[in-house]
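Line by line, the protein sequences give chains A and B.
Start counting the first sequence at 70; every next residue gets the next number (this note's numbering).
Start counting the second sequence at 131; every next residue gets the next number (this note's numbering).
Treat the hints as calculated values from the structure; they're not laboratory data.
It cannot be assumed that every hint is accurate.
Simulated crosslink set (SDA-like; lysine to any residue; CA at most 20 Å straight-line) [what the hints assert, rightly or not]:
1) B:K206 <-> B:R157
2) B:K304 <-> A:L422
3) B:K403 <-> B:P364
4) B:K159 <-> B:R186
5) B:K206 <-> A:L422
6) B:K304 <-> A:D190
7) B:K494 <-> A:E128
All of these numbers come straight from a predicted model, not from anything done at the bench.
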Amino acid sequence: MSDSSSQAALARLREQVLAAHEAGKALRIRGGDTKGFYGCEPRGDSLDTREYRGIVAYEPTELVITARCGTPLAEIEAALAEKGQWLPFEPPSFGEGATVGGMVAAGLSGPGRQSAGAVRDFVLGAAMLDAQGRALNFGGQVMKNVAGYDVSRLLCGSLGMLGVVAEVSLKVLPRPAATATVSMPLDRPAALRLLNEWAGRPLPISASAWLGGTLALRLAGARAAVDAAVAFFAREHGAQQLDGEVHRFWAAVREQTLPFFDGLPGAGSAGAEPGAGGAASLPLWRVSVPSVAPPLALPGEELIEWGGALRWWRSDAEPRAVREAAARVGGHATLFRGGDRSAGVFAPLSPALMALHRRLKAELDPKGIFNPGRMYPDL
Amino acid sequence: MSTVYEDRFADLAAAPAPGRQQQVVERLKALLPPHALLFREEDVRPYECDALSAFRQLPMVVALPETEEQVVGILKACHELEVPIVARGAGTSLSGGSMPHAAGVVLSLAKFNRILAIDPVARTARVQPGVRNLAVSEAAAPYDLYYAPDPSSQIACSIGGNLAENSGGVHCLKYGLTVHNVLRVRGYTVDGEPVEFGSEALDSPGLDLLSLVIGSEGMLAVTMEATLKLVPKPQLARVVMASFDDVVKAGDAVAGIIAAGIIPAGLEMMDRKATVAVEEFVHAGYDLDAQAILLAESDGTPEEVAEEIVRMETVLRESGATRIQVSESEAQRLLFWSGRKNAFPAAGRVSPDYYCMDGTIPRKNIGRLLADIAAMEDKYRLRCMNVFHAGDGNMHPLILFDANDPDEWHRAELFGAEILELCVEYGGTVTGEHGVGIEKINSMCVQFSPEERAAFFAVKRAFDPPGLLNPGKGIPTLARCAEYGKMHVHAGRLAFPDLPRF
Chain A
70 MSDSSSQAAL ARLREQVLAA HEAGKALRIR GGDTKGFYGC EPRGDSLDTR EYRGIVAYEP
130 TELVITARCG TPLAEIEAAL AEKGQWLPFE PPSFGEGATV GGMVAAGLSG PGRQSAGAVR
190 DFVLGAAMLD AQGRALNFGG QVMKNVAGYD VSRLLCGSLG MLGVVAEVSL KVLPRPAATA
250 TVSMPLDRPA ALRLLNEWAG RPLPISASAW LGGTLALRLA GARAAVDAAV AFFAREHGAQ
310 QLDGEVHRFW AAVREQTLPF FDGLPGAGSA GAEPGAGGAA SLPLWRVSVP SVAPPLALPG
370 EELIEWGGAL RWWRSDAEPR AVREAAARVG GHATLFRGGD RSAGVFAPLS PALMALHRRL
430 KAELDPKGIF NPGRMYPDL
Chain B
131 MSTVYEDRFA DLAAAPAPGR QQQVVERLKA LLPPHALLFR EEDVRPYECD ALSAFRQLPM
191 VVALPETEEQ VVGILKACHE LEVPIVARGA GTSLSGGSMP HAAGVVLSLA KFNRILAIDP
251 VARTARVQPG VRNLAVSEAA APYDLYYAPD PSSQIACSIG GNLAENSGGV HCLKYGLTVH
311 NVLRVRGYTV DGEPVEFGSE ALDSPGLDLL SLVIGSEGML AVTMEATLKL VPKPQLARVV
371 MASFDDVVKA GDAVAGIIAA GIIPAGLEMM DRKATVAVEE FVHAGYDLDA QAILLAESDG
431 TPEEVAEEIV RMETVLRESG ATRIQVSESE AQRLLFWSGR KNAFPAAGRV SPDYYCMDGT
491 IPRKNIGRLL ADIAAMEDKY RLRCMNVFHA GDGNMHPLIL FDANDPDEWH RAELFGAEIL
551 ELCVEYGGTV TGEHGVGIEK INSMCVQFSP EERAAFFAVK RAFDPPGLLN PGKGIPTLAR
611 CAEYGKMHVH AGRLAFPDLP RF
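Looking at chain B on its own, in the form it has when it is part of the complex (with noise of 0.2 Å):
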């Protein structure tokens, strides 16, 4: 494996060469219609940034192609240009997974939106990329079914990024990831050759190329459909809500639900910040003396979801809940949930700026975690709000700050890495849904050793040999993982501070 490779990866700000966006633009012209070409800088300046609005690049053109020919040949062109391409949706990407290259084509799949078939025997749906993610569950509901992924965005992300990601939600402690809810991607590689992953049957020979180009953040193909599984809906769900005065009494709980041998739909928690904030917003009646709550659902039959929420209730009680509710009604059930769907944009009203962390530690930490960034709080001289998937360990500490203050951005990135190291220190990750993106790609280089990423660029260049999806992404360079050493936070000073970092 040679590391000759990562000196291709052009600098994602590095402007392009004299006279190389007319050459770019006159080739695509060719093969799109005028208004689904930008590169004026007013026209392409909405596509700057993703939801990650903290990283932010011009890019040097815009294609929104129509069809899937003009896909194949803006590839081809790209390819034989060799300019970079970074595919993007709906951009709601929360690490800068589609943020813009200097010098490339940003590829908007965002016309791609049409689902293509419900199969209700099957228990399928065909979609393109661009189709929202709650719009599939919709399609699928009048049949009794919904594709189980529900990543919080689902609103407004679509399929194609869900794919990238490998998107999870509330859900998936039950119902899995994307990954475990796609039977088939069917797409182009780097030079506009048409592939297939997976099958509408269950497996298909060979490597399992799916699960690896599913979560590559747009690295290794680009998706034009996609075959997504749907499940029945469950008849019924309810929720507990539980209150504890300590926080590590609730991570226990959350231990000591699933040594009973439950797997709820949904396993959530918040402190005691998350719920004051949110409580004024939604009003959904949290215990707002708990120094945490857990919201624990169940769902399935009638009969289930009874047995369930009993068998739960004690656990909960044995733990040391101090208050019990549980939801009488669907309209109770969404109440009890609106808050923690809510805690994002809570936190928001609260505080100027906020940055969300998205870190996964094996659950039996979460208490440790929880007091070491307390700690940090003073450390770093900011506010963080914890709100999280307990059952699978995905924390999402939302650092407040003040974009308007330089230092205090400067601080809540450091805050976030320290989170990610420890993260990885207590036996996780550095990301469980959001993706690395442009915004972990530091904290990769604590995670996984030179030869380990080695390996990741090994799988790159079989997919992608001339490097151009979406470069600079998910996977540091060694370089950059020595810089990074040296501005490692325990140090607490950085080394080289004029020099530009992401």
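With the rest of the complex left out, here is chain A (with noise of 0.2 Å):
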């Protein structure tokens, strides 16, 4: 994209906010809209961000790259995968048409999580567009940056509500020399106990996905160190190594195509028709808890990522059950994808950190424009 053409998108997006701050008309901000299941119920007039893109710079030896708010996922990745890097948070793209400033603004990370860290992990700088329509840079081009508060960290997973995330730089690594996948059958109890074993010794072990009795763990590193893993697991735990294209199992984790995810509404669909599972209707729960937390006693089929401090139920329990089952062991929990979202999504918070919410919301975006009520009905 010409700097020229994206200088008008900007300027587009600007007079678009500078007209609902002057009307204090609420804006729901967009791009590829494939995230538009999370959160509470999204309102306002769409400010869509797809027009303003483009990768702003790319330096592999820095480890470095700034891409536009619309600039699709995938064409990060692709850059990226051109020169043998990548963003090793693994996010989810939940669609086609993804972008990066919706990666940012929703804040989720996929397998790799366990391993390489969040997003906000790898968010350097980020320029936002505030309520009166300026661009604002935070954070910058550079690993090591203590200059003022991190707000450009504070935007990742803000959902959108403080202002428009504009442009973002984000750290990325080389690929992994070498991957293999191993899998072992394991109950509950004992893959959660042996992943928190495990997480404590140096093994290579990059992801972990429980599902129906099968523990599944992705090693990445160095030829010779992931090698040596393999054989231990094989070894120790008669675990089998799994060929063929098993990016592909690790890539349905992550965008939620697997059968465990069929039938919810805005999950990528495996085949399956809504209904068509035995959870298929059931919604689904965010469970983020520590990883030595015990098996949760709720109703429903489970899921266990991260070495065990992410759980996803498909679940009908009463959505109170689920909030205490997760905050008994020090979590939270999340109404993901399905149910009822009108009265809110994410666990409360404590008055003290509502207080500190709604003022930073005072602050950075008075009128109240920047998607109000998605993060919590009444912010």
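Take the two lone chains, each set in its own frame, and fit them into one complex as the hints suggest.
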């Protein structure tokens, strides 16, 4: 995209923000709209970011890529792949057309989060279009930077409530030299116990997924280290190495196209129609807990990721029961897909934290025009 | 966003109103035992500065609470009386982050120095803010775990300060900064209300306030407890030491290693002035003919390390290294590192004083900045040694000067400010890991626009409406930047030289 057309696109975004600010009207920020299902019901006039797109800078030796918000995630991943690099937190796209701005605003990470870190760990800087239509730059393009408050990381996962994430600089990494996937039959308690035990040892585990009595582990790193780990899991735990295109399995975990997710609104389809699977009509809960938390006593089916720290539940349990089960072990639960979103989807905040959220929103978006109600119904 | 707020930031040096000290002391006496409250000049003198001793200010009162209830009481009292609060740990800040306020209370958290729990299965440490960084790794060592962020001052610096400054260290290229290694912070807001950021899960609902609070230089909340991530100790570490006859070639070798898909555990560089100074001190066997040496560490399983060392050696050779040595034992690895780790004390041996800068630039500009610094040595008539975290472009030029000569100190400050301006010009930042504090507050005017600074103040207001937590640090006011613009280094002359400046 030429500089002049991108500047024109930015000018249009700015005009729309200014008009909304002037009129005190809500804006619903959207890119590819692949995560429209996430958070509370969006409302307001659509502010479409897709025209403000393009990779601004990418220097593989600096391990940094800078792109405008409307840039398709696929375009970024392709540019990185050409140089043998990637986004190791493996952001889910949840459909075609996902943009980098949406990736940062949603703040969701995929299977690689277990070993590499979350989206926010890779955000080095961001430009935000504020309620007055000004582009404000925070952070930068270098890895070590402690000048000013880290507003760029604050924007990560903010669901657009503080402003438009206009441009981002992300740290990238070389793709691991080798990967392998092993799988072994394990019941839930044993899987959780072993995942924590292995995480305390120098093993190159980069992702894990437990479902229906089988644990899959992805190993990544130097060839010699991966080979040694494959041999270790075969010897000590009778694990089988999976051949063929196992990356498809991990992509299906990330994109929620495994049969476990079938029939959910907005979920990538693996061929099933809503209502086709056994759990198909049940809402999907995302339960984030300490990895050492014991198995949760909830009805339904479970997929465990991130070494035990992320537990997806297809469950018809009462929202309060799911939230309490998560809170009892030091975590929180999000109504991720399906179910009734009108009462809010995220775990309620403590009064002190909610007060801080309200004041931040009031300071940065005084008229409340950006994605109102998307994170919490009254915020 | 109003700019009136800035007016509430009193000058750090403005003396308290008559009777004010007595009023605050009387109030705090009801909360603290006598030995935990200092207010006589001879008692508060040790708190007048942190590790940046060029900036000093006697505090009005120093409080040394021993219980959390006392901390809450102090915060509530200060909030009610509108007294500035400067939280302080070990005082190793290099940017004056814990320099006192003349009309404020220094809240020392040094007595909160307990490791509350090490959970080897969950791989976490729950610690109080006064715990020394290195003590965490020592306590985790029996479980073959450690806490990855390792600022060079880790033997003395405390976790509370690490959180405030988002500290890094040699290994953060691979293992990240403090923000990547903290799960949860529990503390208090300015009015003494309890608050918790993050959790022991990998994420939390709502905005990521944990990321915002880490690196906020004690200006948003007071930390009482943190849950830190522990990671498995690598089985083995080895370091490659490579000599170069040209600093630009050494800089290019750094880019070459990254381009080859290698993320070393540490990647450090020293120029010849630095190696000569430290070799006399530690006898590490550095190549004194080299214009620059690189230290590149590999860690992991023995298989991984063997593979990575071969790959790094190849890149370094292709980049024109004139000599390469690989550590053959742990003792030799530590010896190779000893020079880098002792570069600061070595600077202290060859010069009465040194001024350590902390800018970060994209790696590709390392050679260019070093050439600029060489030219500035002539311009300011001062010598400068360069040691830095080459892997992440974090430069630590050490400007050598004599503090007994006020003109030398003045030139050193201008020299440092010009380096930081160049860091911004080259796409970097005015501080990589030391923080802004009071030292770099003017340089912030170069990096951030008035609108961006106004947004920072908006964040500050949301957390600390009366502006009492560490006021005057970190974020420069519009007025300060306007004044700094007039004394812009490139102008070569100071306007209003008799005005007090920091």
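Hints versus structure:
{"no.": "1", "hint": "B:K206 <-> B:R157", "result": "holds, 11 Å"}
{"no.": "2", "hint": "B:K304 <-> A:L422", "result": "violated, 32 Å"}
{"no.": "3", "hint": "B:K403 <-> B:P364", "result": "violated, 33 Å"}
{"no.": "4", "hint": "B:K159 <-> B:R186", "result": "violated, 26 Å"}
{"no.": "5", "hint": "B:K206 <-> A:L422", "result": "holds, 18 Å"}
{"no.": "6", "hint": "B:K304 <-> A:D190", "result": "holds, 12 Å"}
{"no.": "7", "hint": "B:K494 <-> A:E128", "result": "holds, 10 Å"}
Comparing the model with each numbered hint stated earlier shows that hints 2, 3 and 4 do not hold.
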